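Asker: With the hints as your guide, set chain B onto chain A.
So the protein sequences, as listed, match chains A and B. Note that this note's numbering has the first sequence beginning at 0, numbered continuously upward. Note that this note's numbering has the second sequence beginning at 0, numbered continuously upward.
Do not rely on the hints blindly, as some may be mistaken.
If chains are identical, the list can't say which one is meant, so a pair holds when it fits in one copy or spans any two.
[Said to hold, decoys possible] Straight-line C-alpha distance at most 25 Å; calculated BS3-like pairs for lysine-lysine:
1) Lys341 with Lys15
2) Lys397 with Lys228
3) Lys341 with Lys155
4) Lys15 with Lys308
5) Lys15 with Lys397
6) Lys341 with Lys308
7) Lys341 with Lys397
8) Lys155 with Lys397
Hints are computed from structural coordinates only; laboratory data are not their basis. Note that the structure is a prediction, hence the values are computed from the model and not measured.
There are 2 protein chains.
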Amino acid sequence: MELSTISELVIPSDTKVVLLVMDGLGGLPAESGGLTELETARTPNLDRLADEGICGLHVPIGPGIAPGSGPAHLALFGYDPLRYQIGRGVLEAGGIDFALTSRDVAARGNFCTVDAQGLISDRRAGRIPTEICAELTRELSDIALPGVELFVRPVKEYRFVLVLRGEGLSDALSETDPQRVGAAPLPVRALAPDAERTAALVNQFVAEAAQRLAKHHPANMLTLRGFSKKPDWPSMQDVFGLRTAAIAIYPMYRGVSRLVGMEVLSGGTTFADEIDTLVARWNDFDFFFIHYKWTDSRGEDGDFAAKVKCIEEVDALLPRLLALHPDSIIVTGDHSTPAAMKAHSWHPVPALLWSNRCRPDGVRAFGERACLTGALGPRIETTALMPLALANAGRLTKYGA
Amino acid sequence: MELSTISELVIPSDTKVVLLVMDGLGGLPAESGGLTELETARTPNLDRLADEGICGLHVPIGPGIAPGSGPAHLALFGYDPLRYQIGRGVLEAGGIDFALTSRDVAARGNFCTVDAQGLISDRRAGRIPTEICAELTRELSDIALPGVELFVRPVKEYRFVLVLRGEGLSDALSETDPQRVGAAPLPVRALAPDAERTAALVNQFVAEAAQRLAKHHPANMLTLRGFSKKPDWPSMQDVFGLRTAAIAIYPMYRGVSRLVGMEVLSGGTTFADEIDTLVARWNDFDFFFIHYKWTDSRGEDGDFAAKVKCIEEVDALLPRLLALHPDSIIVTGDHSTPAAMKAHSWHPVPALLWSNRCRPDGVRAFGERACLTGALGPRIETTALMPLALANAGRLTKYGA
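Chain A extracted, bound-state conformation (with noise of 0.2 Å):
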């Protein structure tokens, strides 16, 4: 479904909607014939709501495939993650949260090891400490390069961001990463005729970024790929008719919603600092987009009782989210991490989708298997949830007389 189709049936309402994420919330039985980490938990509240709402799976990206967090979590928002692709580079500066202007070109960037002949030999650099990356970062800031500003900033060990900030920047630039080892990084070429600019600038913070870190073995040369722009999407205001607002600890979550034109409220550090956001701005805005992230950590941690948990944490806060008396609330995850597995999978992600105006589906508890039998289907597509939760919230019209 086109988003302009949906958008064309928004009708003004007060209600309002939340989406509850938790990152990787879908699992796998530890060992055959178990439960999975969700089936495992305790969670009355949960059950409640899946008893009394609609269940399913959801597919985020296509069968088969496990979604990386940002394009799961832009399904989650009703935007076709491949048609609404995020370049790494920006999806990368949100991860650090570094706002992007619609002026900025920003590149993911590696600190690398080459040889003597300027070969690379550790495309990582030997996985330098994060303070160590931070370091670099500062030495390379004061770059200056004519008619841009520039921003070097740390990520994490061996990764960095680049942002270019100009008039008239592109990025149709070829990467520098020749993504194997025994090669020379690349010089950025210019893949369109207005890009010749950009290119040649970026070459230039490259030559004079070599110089500066030949000193630094390991480090002592960079790489640079994904080159993008902050995407010009139309924002969930825009589309859905409603005041947007995210609820997240971690920068690459807060980023990805910045994409869609949400406000990024404080997550604080806990789910209880961020049930407290919730209340505080509860009367400001039509959609709460709240994220919980430690259900993924320990999945990838491998740590099924720790995920157990973690979602046993959730529902036990459930009841102040619940008392704010939501018109449509969906719960589900972006995607699965079975702690079985200690990665994103592509199983269909569970989810429940709660108001007064569900169709009774016999699913009495939110659980994997639980959710197979329910209204939502057992692979309803990720998109389809943002339409539904807003139809149960009474905000779209009929489509035709």
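Answerer: Showing chain B alone in chain A's frame:
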């Protein structure tokens, strides 16, 4: 699936297909934990068909989208309603059984009230009675325009249809309705070079009409919108190789059926009359669309018990249809109209498909919850039903070798 793809697979056959639509069939429980209208109704004949056939729930337009009856019926007929869009004027003409030709441009008209400055003070002219509307349209019908025929026909209350008939007319015209009070009606503008003459003709009509209406306060002016021509779509006969007939009492459904090339038969005034027509014309067609309106009407009234009775009325007459031995039968709705909402809703629509080639799916009774586990699935696209009905009637060959 493209219609042209299905079209290439059609093979000759003397089998019969019936599509029985109970308008607005899908429902909701009257109270939490209760049954829907369909689940409440005593429907032994539908239950037998569900038991022997396959069931599911379909989505006419998209997730969260409450369908209008026009696009929902197109989807039931196999036509993608987002691609095959019906102009408002054409739909309104169909709604009064006005048979458009390819030389016609139709518009939806509203009588309205303007003040001494010509600014609209009531966009619906105080909802004048339909009889007044009929008188006014008669008075406007003899306005003479050079080179075209003119038809002005009443619809209901303040609504009417304007049709211009002639050679070379275009529907690329802007609307005159400013969509708010306090503004004057707008002149019609040509939206394409070849629409200049039509725009001039319509403006001439409006000027003359304004003079005649001046004395008829509150209906002292009119607005026009939804200029449209009868669409040039492939007929169901062309696409599916079927001789198609519609049996419908309400004009709008007769109109939509005409747009896909069906022959519209006399529907009488009751469902028993419609079945009489079906029996009488059984040998003349391969496909019958039978439309039952009152499930939707009672849903719109918010009368749960009366909607239940409507469903039971259809069930009781079903044996007369079954005695004709159709090869495949679909029984469904075009959308949901839960009595609890008194309106069309986005909830998926229960459907059953019966033939003697159905693979048993364990669904024993026709109802929303039972349909969730049926072979058609909980969210099949509505346009899939026609190809399935054809396949079950032995009317499609295989795709590829």
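Asker: Are the hints correct? Go through all of them and say.
Answerer: Comparing the hints with the structure gives:
no., hint, verdict
1, Lys341 with Lys15, "between (35 Å within a copy, 22 Å between copies)"
2, Lys397 with Lys228, "between (37 Å within a copy, 23 Å between copies)"
3, Lys341 with Lys155, "within (20 Å within a copy, 56 Å between copies)"
4, Lys15 with Lys308, "neither (29 Å within a copy, 36 Å between copies)"
5, Lys15 with Lys397, "within (20 Å within a copy, 33 Å between copies)"
6, Lys341 with Lys308, "within (17 Å within a copy, 44 Å between copies)"
7, Lys341 with Lys397, "between (44 Å within a copy, 13 Å between copies)"
8, Lys155 with Lys397, "between (48 Å within a copy, 21 Å between copies)"
When each numbered hint is compared with the structure, a violation occurs for hint 4 only.
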